[in-house]
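Asks: For reference, the chains in residue letters:
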Amino acid sequence: DTAVSQTPKYLVTQMGNDKSIKCEQNLGHDTMYWYKQDSKKFLKIMFSYNNKELIINETVPNRFSPKSPDKAHLNLHINSLELGDSAVYFCASSESSNQPQHFGDGTRLSIL
Amino acid sequence: GEDVEQSLFLSVREGDSSVINCTYTDSSSTYLYWYKQEPGAGLQLLTYIFSNMDMKQDQRLTVLLNKKDKHLSLRIADTQTGDSAIYFCAESRGSSNTGKLIFGQGTTLQVKP
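Residue numbers (our numbering), protein chains in the order written: chain S, 1 to 112; chain V, 1001 to 1113.
Isolated chain S (complex conformation) (with noise of 0.2 Å):
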């Protein structure tokens, strides 16, 4: 009955690796996001995608890719990851672009 999940909760990887991240909404919303969280917990919008065009891209580098096969996902591929990567990822939906956002869990990355 998830209403926005990821997968996964946690991701542990090397410096220099490529990882993905994946996220589904089944409340039937248009548009779905990519948050991150740094260690003092300050949120910062990534990405936004509604019915899988891209609507913001908040200036983040391009070894972040978002990529949205239907309006029910929103995956996040990062390359080359870096020390700083380390954070948690939210993905969140809202039924549109000017309604409340529904979170996720969250995505708790760690790199080595």
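Do not take every clue at face value.
[To be verified] Derived CB-CB ranges, DEER-like: (1) V:PHE1009 to S:LYS9: 37 to 47 Å; (2) V:LYS1067 to S:GLU95: 39 to 49 Å; (3) S:ARG108 to V:GLY1082: 22 to 32 Å.
[Stated by the list, open to error] Calculated from the model, a selection of chain S residues having no Cβ within reach of chain V, i.e. all distances over 12 Å: (4) THR13; (5) SER20; (6) GLY28; (7) LEU43; (8) LYS52; (9) PRO69; (10) HIS77; (11) ASN79; (12) SER80; (13) GLY84; (14) ASP85; (15) SER97; (16) PRO100.
Rather than coming from a laboratory, the hints here were simulated on the basis of the structure.
Note that CB positions come from ideal geometry on N, CA and C, so glycine has one too.
With chain S fixed as given, assemble chain V onto it according to the hints.
Replies: Relative to chain S, chain V alone:
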């Protein structure tokens, strides 16, 4: 937070009321939100208020919005130990309704028994 400011910490006794304050900058924000984050957990949407309202009540939660001063507050009545968490306010930014949320830095609420 990016132009959304909150105090970092609030400590109250169980049964007291808690008031968490937030100031924002974008007068064109459509909605203002309160999210709750428990340790190690995700963000839970607690409540939200549309910008043409000045108050919203939902059980123990009361949201007050002062648009003139760009001030938002969340009052939790009869605070319980289970209310201990980080509370984030957020504004929806941008007249083009892109859905971009700008978050405050979060207020850690500590409830003492």
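Asks: Could you run down the list of hints and mark each one as holding or not?
Replies: Against the structure, the hints come out as follows:
1. A beta carbon spacing of about 28 Å between PHE1009 of chain V and LYS9 of chain S contradicts the range 37 to 47 Å that was offered as a hint.
2. Taking the beta carbon of each, LYS1067 of chain V and GLU95 of chain S are about 24 Å apart, not inside 39 to 49 Å as hinted.
3. The supplied range of 22 to 32 Å is met by ARG108 of chain S and GLY1082 of chain V, whose beta-carbon atoms lie about 23 Å from each other.
4. Non-interface call for THR13 of chain S relative to chain V: holds, since the shortest CB-CB distance, roughly 20 Å, exceeds 12 Å.
5. Every C-beta of chain V lies more than 12 Å from that of SER20 of chain S, the closest at about 19 Å, which supports listing it as non-interface.
6. Non-interface call for GLY28 of chain S relative to chain V: holds, since the shortest CB-CB distance, roughly 16 Å, exceeds 12 Å.
7. Residue-level check failed: LEU43 of chain S sits 4 Å from the nearest beta carbon of chain V, not beyond 12 Å.
8. Here LYS52 of chain S stays apart from chain V, with its beta-carbon at least about 15 Å from theirs, past the 12 Å limit.
9. Residue placement check: PRO69 of chain S keeps its beta carbon more than 12 Å from all beta carbons of chain V (closest about 20 Å).
10. No beta-carbon of chain V is positioned within 12 Å of the beta-carbon of HIS77 of chain S; the least distance is around 21 Å.
11. The non-interface label for ASN79 of chain S is consistent with chain V: the shortest C-beta to C-beta separation is roughly 25 Å, beyond 12 Å.
12. Every C-beta of chain V lies more than 12 Å from that of SER80 of chain S, the closest at about 27 Å, which supports listing it as non-interface.
13. No Cβ of chain V approaches the Cβ of GLY84 of chain S within 12 Å, the least distance being about 18 Å, so the stated non-interface status holds.
14. With a least beta-carbon separation of about 19 Å from chain V, ASP85 of chain S lies farther than 12 Å from that chain, consistent with its non-interface assignment.
15. For SER97 of chain S, the shortest C-beta to C-beta distance to chain V comes to about 4 Å, within the 12 Å cut-off, and the non-interface label is violated.
16. Not every C-beta of chain V lies more than 12 Å from that of PRO100 of chain S, the closest at about 5 Å, which undercuts listing it as non-interface.
Violated hints, listed in ascending order, are 1, 2, 7, 15, 16; each of the other numbered hints is respected by the structure.
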